[in-house]
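Chemist: Read off the chains here:
There are 2 protein chains.
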Amino acid sequence: MEIKVVKDILGANEQIAQRNQQLLDSNNVFAVNLMSSPGAGKTSLILQTINRLKGKTRLGVVEGDISSSLDAEQIAKEGVPVVQINTGGECHLDANMTSSALGDLRLKDIDLLLIENVGNLVCPAEFALGEHRKVLISSIPEGDDKPFKYPLMFHKADAVLINKIDLLPYLKFDTDAFSQAIKGINQKVEIFPISCTTGQGIEQWVSWLLSQIEKGQT
Amino acid sequence: MEIKVVKDILGANEQIAQRNQQLLDSNNVFAVNLMSSPGAGKTSLILQTINRLKGKTRLGVVEGDISSSLDAEQIAKEGVPVVQINTGGECHLDANMTSSALGDLRLKDIDLLLIENVGNLVCPAEFALGEHRKVLISSIPEGDDKPFKYPLMFHKADAVLINKIDLLPYLKFDTDAFSQAIKGINQKVEIFPISCTTGQGIEQWVSWLLSQIEKGQT
Chain G
1 MEIKVVKDIL
11 GANEQIAQRN
21 QQLLDSNNVF
31 AVNLMSSPGA
41 GKTSLILQTI
51 NRLKGKTRLG
61 VVEGDISSSL
71 DAEQIAKEGV
81 PVVQINTGGE
91 CHLDANMTSS
101 ALGDLRLKDI
111 DLLLIENVGN
121 LVCPAEFALG
131 EHRKVLISSI
141 PEGDDKPFKY
151 PLMFHKADAV
161 LINKIDLLPY
171 LKFDTDAFSQ
181 AIKGINQKVE
191 IFPISCTTGQ
201 GIEQWVSWLL
211 SQIEKGQT
Chain F
1 MEIKVVKDIL
11 GANEQIAQRN
21 QQLLDSNNVF
31 AVNLMSSPGA
41 GKTSLILQTI
51 NRLKGKTRLG
61 VVEGDISSSL
71 DAEQIAKEGV
81 PVVQINTGGE
91 CHLDANMTSS
101 ALGDLRLKDI
111 DLLLIENVGN
121 LVCPAEFALG
131 EHRKVLISSI
141 PEGDDKPFKY
151 PLMFHKADAV
161 LINKIDLLPY
171 LKFDTDAFSQ
181 AIKGINQKVE
191 IFPISCTTGQ
201 GIEQWVSWLL
211 SQIEKGQT
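Residue numbers (the numbering used here), protein chains in the order written: chain G, 1 to 218; chain F, 1 to 218.
Honestly, the hints are just simulated from the structure, not real lab data. Some hints here could point you the wrong way.
Copies of the same chain look alike in the list, so a pair counts if it fits in one copy or across any two.
Here are the computed lysine to aspartate or glutamate pairs in the EDC-like style, where the Cα-Cα straight-line distance is at most 20 Å [stated by the list, open to error]:
#1 K77 - D145
#2 K156 - D145
#3 K156 - E73
#4 K7 - E90
#5 K108 - E214
#6 K54 - D111
Owing to the predicted nature of the structure, the values given are computational and were not obtained by experimental measurement.
Given the sequences, and given the hints that come with them, work out the whole structure.
Modeler: Structural data, given as structure tokens:
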């Protein structure tokens with residue numbers, strides 16, 4: 001009985017996600033679903049990405065949080081269109097919330113839409129939003145065992161960013177073992193070590209992102 | 001309709017949690033539900049706590065993970081009875097899973113049961129397990145804005161441990177502002193800055209824990 005309810009919810013979500021993607025495609029908007037643990041650096045990555053792409057690509061941002069609009073306020077300061085979704089307790093965004101946020105944006109003015117999901121390594125992996133790519137930010141202080149503990153999230157990601165590499169000297173973290181563990185779960189994934197504090201690796205991340213947009217909405 | 005389903009699930013969980021607590025009480029077991037983001041240091045804290053209490057208090061551990069038994073294996077090496085719960089995708093422990101784990105332990109041989117929840121700052125806050133205290137581990141690299149973003153978890157905690165304070169020199173983190181934000185949500189909470197790497201603050205945490213056990217199961 002419970003399983004049936006869950007299946008129904010995921011099935012309904014999938015349909016709305018497909019409708020979202022059609023809407024995005026018809027407006028030539030490329031959408032990325034950014035997921036991570038709390039505090040791994042989603043907002044910092046968005047700010048770095050805005051910084052590199054300003055004047056080159058027209059950006060838009062959807063901010064997902066359980067409550068507060070702290071991140072959206074930071075983004076708005078950069079002059080980028082941003083919509084806040086407060087999930088009101090829900091631990092992940094879903095396609096319906098995303099659909100509502102899309103209605104608050106002028107999609108014709110946006111080339112790249114970054115959707116910041118709720119900080120959570122579990123449930124966001126199960127709910128498609130209509131995005132073209134799923135990007136996971138994992139950070140050094142979380143430890144190198146995370147792919148074994150949250151395999152679905154690592155399995156579903158198109159790219160994994162290893163953030164906070166500036167902290168490597170102060171922590172035990174085996175980057176090679178971590179990357180191998182990810183590849184064991186997901187052979188086609190792209191992995192980028194980065195630091196949103198020093199800017200290291202951001203160039204490679206942005207290049208990949210632009211190459212994905214060029215490839216188009218596939 | 002959806003809300004009704006959720007209420008039913010939480011109501012049923014509450015009943016089983018109360019049964020768990022009765023079982024624990026009748027065996028004089030004091031239970032602590034440890035919650036945090038992925039990688040904030042739950043297992044490290046358990047290891048530090050075992051280290052300090054070995055020979056003084058008879059410990060038991062329940063390890064909650066979506067998959068893998070890495071943490072349970074680490075605990076077992078310390079010679080402490082440990083039961084692994086794999087939630088199989090679920091993003092939190094619930095009272096039913098806990099009930100099953102309690103059946104796998106000799107409760108008469110345990111004074112203090114540490115239950116490590118799934119790494120997640122959202123859903124674990126909503127599901128009572130039958131524990132006597134809820135303890136939240138928040139870590140410096142996650143940032144000092146977390147109480148605003150995950151208020152329910154901070155509201156429900158009896159104690160908040162601020163872990164990884166050895167990283168303070170390398171990160172922007174305002175400990176006073178963080179503590180004030182927590183107190184704004186939860187006036188009665190105890191806050192302990194700690195480092196599971198250097199051992200700083202562990203003495204204070206363990207003293208508080210022992211005082212809670214002495215107070216008894218209230």
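Chemist: Hint by hint, say whether it matches the structure.
Modeler: Tested hints:
In the homo-oligomer, the alpha carbons of K77 and D145 lie at most 20 Å apart only across protomers (18 Å), although the nearest pairing inside one protomer, at 36 Å, exceeds that limit. In this homomeric assembly, K156 and D145 come within 20 Å of each other (Cα to Cα) only inside a single copy, at 17 Å, whereas the closest approach across copies is 28 Å. In this assembly of identical chains, the alpha carbons of K156 and E73 never lie at most 20 Å apart, being 30 Å within a copy and 27 Å across copies at closest. Within a single copy, K7 and E90 get their C-alpha atoms as close as 17 Å, and across copies as close as 14 Å, so both meet the 20 Å cut-off.
Taking the shortest alpha-carbon separations for K108 and E214, only the intra-copy value of 17 Å comes in at or below 20 Å, while the best inter-copy value is 64 Å. With identical chains, the CA atoms of K54 and D111 are at most 20 Å apart within one copy only, with a shortest distance of 12 Å there and 59 Å across copies.
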